[in-house]
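So the sequences go chain by chain: A and B. So that you can map any letter, position 16 of the first sequence is 16 in the working numbering, and since no number is skipped, the others follow by simple counting. In the working numbering, each number is its position in the second sequence, counted from 1, plus 1000.
What the hints contain is simulated information worked out from the structure, not anything from laboratory work. All of these numbers come straight from a predicted model, not from anything done at the bench. Please note that the accuracy of each hint is not assured.
To be verified - Computed Cβ-Cβ distance ranges for the label pairs, DEER-style:
{"id": "1", "chain 1": "A", "residue 1": "Asp133", "chain 2": "B", "residue 2": "Asp1441", "range": "55 to 63 Å"}
{"id": "2", "chain 1": "B", "residue 1": "Leu1682", "chain 2": "A", "residue 2": "Ser176", "range": "54 to 62 Å"}
{"id": "3", "chain 1": "A", "residue 1": "Glu162", "chain 2": "B", "residue 2": "Leu1682", "range": "28 to 36 Å"}
{"id": "4", "chain 1": "B", "residue 1": "Pro1741", "chain 2": "A", "residue 2": "Ala264", "range": "24 to 32 Å"}
{"id": "5", "chain 1": "A", "residue 1": "Ala264", "chain 2": "B", "residue 2": "Asp1441", "range": "45 to 53 Å"}
{"id": "6", "chain 1": "B", "residue 1": "Ala1066", "chain 2": "A", "residue 2": "Ala88", "range": "53 to 61 Å"}
{"id": "7", "chain 1": "B", "residue 1": "His1689", "chain 2": "A", "residue 2": "Asp133", "range": "41 to 49 Å"}
{"id": "8", "chain 1": "B", "residue 1": "Asn1072", "chain 2": "A", "residue 2": "Ala264", "range": "31 to 39 Å"}
{"id": "9", "chain 1": "A", "residue 1": "Ala264", "chain 2": "B", "residue 2": "Glu1179", "range": "48 to 56 Å"}
{"id": "10", "chain 1": "A", "residue 1": "Ala264", "chain 2": "B", "residue 2": "Leu1682", "range": "31 to 39 Å"}
Unchecked claim - Some but not every residue of chain A turned toward chain B, in silico, with C-beta under 10 Å:
{"id": "11", "residue": "His79"}
{"id": "12", "residue": "Ala88"}
{"id": "13", "residue": "Gln191"}
{"id": "14", "residue": "Ala192"}
{"id": "15", "residue": "Leu260"}
{"id": "16", "residue": "Gly262"}
{"id": "17", "residue": "Gln263"}
As the list claims (entries may be wrong) - Every beta carbon over 12 Å from chain A, so not counted as near; a handful from chain B, in silico:
{"id": "18", "residue": "Met1044"}
{"id": "19", "residue": "Pro1257"}
{"id": "20", "residue": "Leu1448"}
{"id": "21", "residue": "Arg1771"}
No residue lacks a Cβ here, since even glycine has one placed at the ideal position from N, Cα and C.
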Amino acid sequence: MIPAPFAYARPTTVDEALQAIADGGEDVKILAGGQSLIPVMRLRLAAPETVVDLTRVTELRGVREEGDTLVIGAMTTHHDVITDPLIAQHAPLIAEATETVADRQVRRRGTFGGALAHADPAGDLPAVALALDAEFVIAGPNGRRTVGAADFFVDYLTTALEDGELLVEIRVPKLSGTWGVRYEKFNRVAQAWSIVAVAAAVRRENGHIAEARIGLTNMGPTPLRARATEAALAGADATPEAIAAAARSAGEGTSPSSDLNGQADYRAHLVQVLTRRAVSAAAGL
Amino acid sequence: MTVTEDAATLAPAKEVGQPRRRKEDARLITGRTTWTDNMVLNGMLHLAVVRSPVAHARITGVDVSAAQQAPNVVAVLTGRDLAAEQGSIPCAWPVTADMVNPGHPSIAVDQVNHVGEAVAIVVGRTKAAATDAVELVDIDYELLPPVLDMETAVQDGADLVHDELESNTSYHFVFDAGEAGTGVDTEQAFADAEVVVSRRLVQQRLIPAFMEPRSVVVQPQGDNFTMWSATQIPHVLRVMLAMVTGVPEHKLRIIAPDVGGGFGGKLQVNPEEVLALLVARRLGKPVKWTETRSESLMAAHHGRGQVQFIDIASDRQGNVKGLRVRLLADMGAYLRLITPGVPALGAFMFPGIYKFPAYRFECDGVFTNKVPTDAYRGAGRPEATFAIERIMDELAVELDMDPLELRRKNWIGAEEFPFTTVAGLEYDSGDYEQATQKALDLLGYDELRAEQKRRRESNDPVQLGIGFSTFTEMCGLAPSRVLGSLSYGAGGWESASIRMLPTGKVEVVTGSTPHGQGHETAWSQLVADQLGVPFEDVEVLHGDTAVSPRGMDTYGSRSLVVGGTAVVKAAEKVVAKARKVAAHLLEASEDDLEFADGKFSVRGTPGAAVGIQEIALAVFAAHNYPEDVEPSIDAEATFDPVNFSFPHGTHLCAMEVDTDTGMVKIRKYACVDDVGTVVNPLIVEGQIHGGLAQGIAQALYEEAVYDADGNLTTGSFVDYLVPSAADLPHFDTANTVHVAPGNPIGAKGVGEAGCIASTPAVVNAALDAVRHLGVSDILMPLTPERVWRAIHEGGDGGARAAAGTNAYGGAQTESTAGVSTPQSSLGGDR
Chain A
1 MIPAPFAYAR
11 PTTVDEALQA
21 IADGGEDVKI
31 LAGGQSLIPV
41 MRLRLAAPET
51 VVDLTRVTEL
61 RGVREEGDTL
71 VIGAMTTHHD
81 VITDPLIAQH
91 APLIAEATET
101 VADRQVRRRG
111 TFGGALAHAD
121 PAGDLPAVAL
131 ALDAEFVIAG
141 PNGRRTVGAA
151 DFFVDYLTTA
161 LEDGELLVEI
171 RVPKLSGTWG
181 VRYEKFNRVA
191 QAWSIVAVAA
201 AVRRENGHIA
211 EARIGLTNMG
221 PTPLRARATE
231 AALAGADATP
241 EAIAAAARSA
251 GEGTSPSSDL
261 NGQADYRAHL
271 VQVLTRRAVS
281 AAAGL
Chain B
1001 MTVTEDAATL
1011 APAKEVGQPR
1021 RRKEDARLIT
1031 GRTTWTDNMV
1041 LNGMLHLAVV
1051 RSPVAHARIT
1061 GVDVSAAQQA
1071 PNVVAVLTGR
1081 DLAAEQGSIP
1091 CAWPVTADMV
1101 NPGHPSIAVD
1111 QVNHVGEAVA
1121 IVVGRTKAAA
1131 TDAVELVDID
1141 YELLPPVLDM
1151 ETAVQDGADL
1161 VHDELESNTS
1171 YHFVFDAGEA
1181 GTGVDTEQAF
1191 ADAEVVVSRR
1201 LVQQRLIPAF
1211 MEPRSVVVQP
1221 QGDNFTMWSA
1231 TQIPHVLRVM
1241 LAMVTGVPEH
1251 KLRIIAPDVG
1261 GGFGGKLQVN
1271 PEEVLALLVA
1281 RRLGKPVKWT
1291 ETRSESLMAA
1301 HHGRGQVQFI
1311 DIASDRQGNV
1321 KGLRVRLLAD
1331 MGAYLRLITP
1341 GVPALGAFMF
1351 PGIYKFPAYR
1361 FECDGVFTNK
1371 VPTDAYRGAG
1381 RPEATFAIER
1391 IMDELAVELD
1401 MDPLELRRKN
1411 WIGAEEFPFT
1421 TVAGLEYDSG
1431 DYEQATQKAL
1441 DLLGYDELRA
1451 EQKRRRESND
1461 PVQLGIGFST
1471 FTEMCGLAPS
1481 RVLGSLSYGA
1491 GGWESASIRM
1501 LPTGKVEVVT
1511 GSTPHGQGHE
1521 TAWSQLVADQ
1531 LGVPFEDVEV
1541 LHGDTAVSPR
1551 GMDTYGSRSL
1561 VVGGTAVVKA
1571 AEKVVAKARK
1581 VAAHLLEASE
1591 DDLEFADGKF
1601 SVRGTPGAAV
1611 GIQEIALAVF
1621 AAHNYPEDVE
1631 PSIDAEATFD
1641 PVNFSFPHGT
1651 HLCAMEVDTD
1661 TGMVKIRKYA
1671 CVDDVGTVVN
1681 PLIVEGQIHG
1691 GLAQGIAQAL
1701 YEEAVYDADG
1711 NLTTGSFVDY
1721 LVPSAADLPH
1731 FDTANTVHVA
1741 PGNPIGAKGV
1751 GEAGCIASTP
1761 AVVNAALDAV
1771 RHLGVSDILM
1781 PLTPERVWRA
1791 IHEGGDGGAR
1801 AAAGTNAYGG
1811 AQTESTAGVS
1821 TPQSSLGGDR
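Can you build the whole structure from these sequences, using the hints too?
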């Protein structure tokens, strides 16, 4: 469990970090909380030439408001996300999902941006970011660009981040109106990754569901939206029957994997049950 | 001696029975102690093992030149380099006279037979240098078909694991009660039976997953060698290593410093221990090897691995008439220390607590291209207990009887002890009805049954079930003569000695080497009572063959029963020796002395007394002692039990099953165990809790899964699921106490009880919840997917997909260092 040799840089600003990445050679990995990268390096599944450690880049930490948008620094730890009052107020779905991530020790070190940039399909936060239409601010040698969540997650462990770039912050639109949220996670032991999970945010108006946003964890190589269910729920009665009917289409367009925890058909079944439960809870039923 | 009430209240409280906090815990929990991997010796070299990435292949080429030239690499050794001196890993238990043992090289020479088998060793000046160079060793393999499935492996014409052998069967072991004279003819019993129920049950492979990885350090000094190893069995290891390597036994010292758990997994003579000794001898330098967790999961021995064909016969009223067991037991690729003996040890426990008139047991030991199996907490007895407790439930269903009523009808009555079973064992003591009644009360049985009925009637998506396990086990391993009759290669005695130091402090030397059980505390309690000295005045020494020269170590719930008894016997000798000195010092007759609370006093002469701790100083000075004795009150004792001990208990599990998802959740777990005299209730409860966690884990979480090529899919803790406290329910535990007649402590052993009893209770509970939906079996572990499939598609839940989870960048693919997949190369943690 010893990583292969690597060069190491520990910048203190975003500009220094970008320079370190540029100088790092062919294969640079960026170390945020290290909760996935370090184990993978110790297993020698990854053997980067250079590791750029963002731990001391303080400008990447913290949560702030910009009008109707919540801005979360990429290096904000899971623990800080869970305890942040702005997130509790404007994006409780993020806090609820983050509380299910691994264990207390991991949440102290792991970061919001690290988890999103790692884009593990079984990770909990990508589906939440997708459901909330988050935007990703990426810094590179030629300045900054912003990518929507739908375009950020490209494939298995692959994002829109190019070589030389760095995820600096995540912009999450505040939910306005009366929203209920629920992260319904299904796993076998407390610390495990999701077998399937469903992130739901539901806005209710006059006994109806006005709008539902549903993100799916581990139903394909990337996080997915349950678009068919969202469409079926828009304007539907907030009743168990209507929600159950809408949830039946939650697996449409997904391509879940088969592994030790479940074969694809079982995941396709699970996503319907979990969507029903998540939406029901978010709708206050 | 008559004790008045006043005297009783004035006397110090007895230590035995006190919930003493463990004296070893502070250092064990904080890690501020010596673990083998903490050892740093001058000039020490580090070993890294190159392991086979394939399950079955001929080695056609080995190129170590690049590795040899890597920085800070001292040597690279292959199987060929060590072939002449490595011998074979010993197998101490040839269960039949014609058992086939192909031999077990510590490092492969011409052929590899399981993924993870050692093929080369890199010796580096640092651990990092050795690890880096592993990737530079180039080995060519000519693949052979892997033999993975036991039921296929025993067919005629099957591919062979060892092509020099005639078949994949190592042995065929039979116990037939009719032939042994302990029962009637089994075939006849089945022919005459009104009801026969047959089932095929599967005991999946498990991985011990001890907390501290295996680790070994060897220091050569002149022609002597000292080995530190994270082992359960320093004494057994010393004998075996001497025989394997030719290093004379008296030139070899083994030290097990504090050891972080074993669960049977460190009851082994490991290939890496042999290799470390060979390399240290060859290079004349101290060496260290510590495994990675991946190596541990892949190359340390596994447990369980049985296919069980069970037939039970009864009459319509539920009186059992016969039991027939046929096993296929997975040996893996080789036979290690007691690989073949594990299922044979279980042979005697299949009848459980029931009065079967007829019993026949047959077992085939089968070779496969997987890492060898061997001891795993319970070793043979959990497999047997699972089978009997599951088949009793199946019989109850067949007879439309309450499963508890069926058990009551057939179990041994409290008045019938000692009871000789159909397997020929003499059960010592107990009361199954009493334990069961107490467990039912603890669980709140009637209310839960009522709730189960309500949920069924309302067709609730969450169904409730209650599972029973009324079990016994054979513990206190073991009477040496019985082991001899079973062809085991050693005895089952235990040794202890007591040294009375001049200041009155006491050193207790035990041959039962602990690896986390709390021997230091329990032994101190025993000695405090026996010698009447303060608990704090006792120190327990163990685990070093130079300090504790004789021992059989710790496994099989034997330490207190056998090792503790040796301590008590040694203490009795100390008192007897001290009595002579006391009589001399008090100028009294030995017959007039009373010994109580650490003091000898002269009966009828108030004030004439001398303490045993004072006597220790007196014999140290040796100015004044009887002429006919030696100036020492130290003593040693060896205890060899006459019979096993038989803890028993009733475990009840109430299980919720979410029929929408297949998720199972233990609602309540209650158990009442009879482990005889309880020396320390805290330790006993801790052992029960840990055992329950492990047994529940077999039922619900753990399984070593190999893919079709023989790769271990569950190669990390991402895929080999070990539950934590967060995943387990509150346990309601209690005891009944029927003292064991076979030892002076009255203890029966507790190390394995929870692990043996819980697995069938959990599975029976899940089945009870969904049996009305047409489910009659679900394979372990009861993954949500399996439970869901069994409910909605019928069958037993079926095989799991063999792919590891995609989480973690596909970490399960690391079967050897340096292997990466296209997916993993994308991994990163930005």
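Here's how the hints hold up against the structure:
{"no.": "1", "hint": "A:Asp133 with B:Asp1441: 55 to 63 Å", "result": "holds, 56 Å"}
{"no.": "2", "hint": "B:Leu1682 with A:Ser176: 54 to 62 Å", "result": "holds, 56 Å"}
{"no.": "3", "hint": "A:Glu162 with B:Leu1682: 28 to 36 Å", "result": "violated, 59 Å"}
{"no.": "4", "hint": "B:Pro1741 with A:Ala264: 24 to 32 Å", "result": "violated, 59 Å"}
{"no.": "5", "hint": "A:Ala264 with B:Asp1441: 45 to 53 Å", "result": "holds, 46 Å"}
{"no.": "6", "hint": "B:Ala1066 with A:Ala88: 53 to 61 Å", "result": "holds, 56 Å"}
{"no.": "7", "hint": "B:His1689 with A:Asp133: 41 to 49 Å", "result": "holds, 47 Å"}
{"no.": "8", "hint": "B:Asn1072 with A:Ala264: 31 to 39 Å", "result": "violated, 48 Å"}
{"no.": "9", "hint": "A:Ala264 with B:Glu1179: 48 to 56 Å", "result": "holds, 52 Å"}
{"no.": "10", "hint": "A:Ala264 with B:Leu1682: 31 to 39 Å", "result": "violated, 48 Å"}
{"no.": "11", "hint": "His79", "result": "violated, 17 Å"}
{"no.": "12", "hint": "Ala88", "result": "violated, 24 Å"}
{"no.": "13", "hint": "Gln191", "result": "holds, 7 Å"}
{"no.": "14", "hint": "Ala192", "result": "holds, 7 Å"}
{"no.": "15", "hint": "Leu260", "result": "holds, 5 Å"}
{"no.": "16", "hint": "Gly262", "result": "holds, 5 Å"}
{"no.": "17", "hint": "Gln263", "result": "holds, 5 Å"}
{"no.": "18", "hint": "Met1044", "result": "holds, 16 Å"}
{"no.": "19", "hint": "Pro1257", "result": "holds, 21 Å"}
{"no.": "20", "hint": "Leu1448", "result": "holds, 24 Å"}
{"no.": "21", "hint": "Arg1771", "result": "holds, 22 Å"}
Of the numbered hints stated above, those contradicted by the structure are hints 3, 4, 8, 10, 11 and 12, listed in ascending order.
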